[in-house]
Amino acid sequence: MPEACDTNGKLVLQSELNQLERVDALTFECTKSAGLPEDQSMMVAMAVIEAVTNGIVHGNRFSDDKVVTLEFACEPGKIKVIVHDEGEGFDMSCVWDPTSPDHQMDCSGRGIYIMREIMDSVEFDMADGTTVIMTKDV
Amino acid sequence: MKVKTEMEGDVAVVHVSGKLMGGPESENLRNEIKRLIDEGTKKFVVNLHGVPWINSTGLGALMSVYTSVQRSEGSLKLCHVSDRIQSLFMITKLLTIFDTHTSEKEAIEAFK
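Respectively, the protein sequence lines represent chains H and R.
Per numbering that gives the first Met the number 0, the first sequence starts with residue 0, numbered consecutively.
Per numbering that gives the first Met the number 0, the second sequence starts with residue 0, numbered consecutively.
Incorrect hints may have been included.
Okay, derived cross-link-like pairs now, BS3-like style, lysine-lysine, Cα gap no bigger than 25 Å in a straight line [unchecked claim]: (1) R:LYS104 x R:LYS41; (2) R:LYS18 x H:LYS31; (3) R:LYS33 x R:LYS1; (4) H:LYS65 x R:LYS18; (5) R:LYS41 x R:LYS111; (6) H:LYS9 x R:LYS104; (7) H:LYS31 x H:LYS9; (8) H:LYS31 x H:LYS65; (9) H:LYS9 x H:LYS79.
No wet-lab data here; the hints were simulated from the structure.
Here the structure is a predicted model, which is why all the values come from computation and not from measurement.
Using the sequences plus the hints, can you model the full thing?
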């Protein structure tokens, strides 16, 4: 049963990968409520899953003491998703193109690329933990 | 995530079910492929029928087993790839890497 959601839902998640199922269901419901077609809702859910995965794995490093916050702040014509973790941030210069010949066979490093391919904008703020702000036009 | 292998002649068909999201659970798949490689298996079909979606960490697990099989001079094919996983393959341009088939039978016959 999907969690109830309007277009401005918020979810506080423990730093465990088994939370991703909740993220998937909530994102799908929120984006559909905001008017996004089903196939695009599925794609946005994949982008949000990547942002939350990064927060759990690379940000909070699975810490019991830290949470990942997922927030939908939608407005007419635009879906805005904010994902915040309590980690130490990361060096953007270490983010490479995973489709380049040098990195195509890598076993990691595709999350941010997937987010950028699916969403219309992806921004990072590392002032306090890492905050990812993504938007998708409806 | 559950992993179960059935031998079809000299082809190991590895059935994966559950969410492929990385973390310790992905080790089940890596360990099973490693065990089969150690036994001398060269032909692999990974059946993703029971995997509705994956994330990039799960993609990494698939890349890891693909590379292990390649290094052992074997070959790995995928079958029953959901639309959602297919979309991720397309975005990340892994469709050019993975040999995907619609059915298990088709994947096994592709080895002949």
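Structure-based check of each hint:
1. Distance hint between R:LYS104 and R:LYS41 is fulfilled; the C-alpha atoms sit about 17 Å from each other, no more than 25 Å.
2. For a cut-off of 25 Å, the pair hint linking R:LYS18 to H:LYS31 stands: about 23 Å separates their Cα positions.
3. For the given pair, R:LYS33 sits about 16 Å from R:LYS1 by alpha-carbon distance, which is consistent with the 25 Å threshold.
4. Annotation: proposed proximity of H:LYS65 to R:LYS18 holds, straight-line Cα distance about 23 Å (limit 25 Å).
5. Between R:LYS41 and R:LYS111 the CA atoms are separated by roughly 13 Å; this keeps the pair inside 25 Å, and the hint holds.
6. This hinted pair does not check out: H:LYS9 and R:LYS104 have alpha carbons roughly 45 Å apart, beyond 25 Å.
7. Taken as a hint, the H:LYS31 and H:LYS9 pair is honoured in the structure, with Cα atoms around 16 Å apart against an allowance of 25 Å.
8. Annotation: proposed proximity of H:LYS31 to H:LYS65 is violated, straight-line Cα distance about 29 Å (limit 25 Å).
9. Under the criterion of a C-alpha separation no larger than 25 Å, the hint pairing H:LYS9 with H:LYS79 is consistent with the structure, at around 12 Å.
Of the numbered hints given earlier, the model fails hints 6, 8; all others are met.
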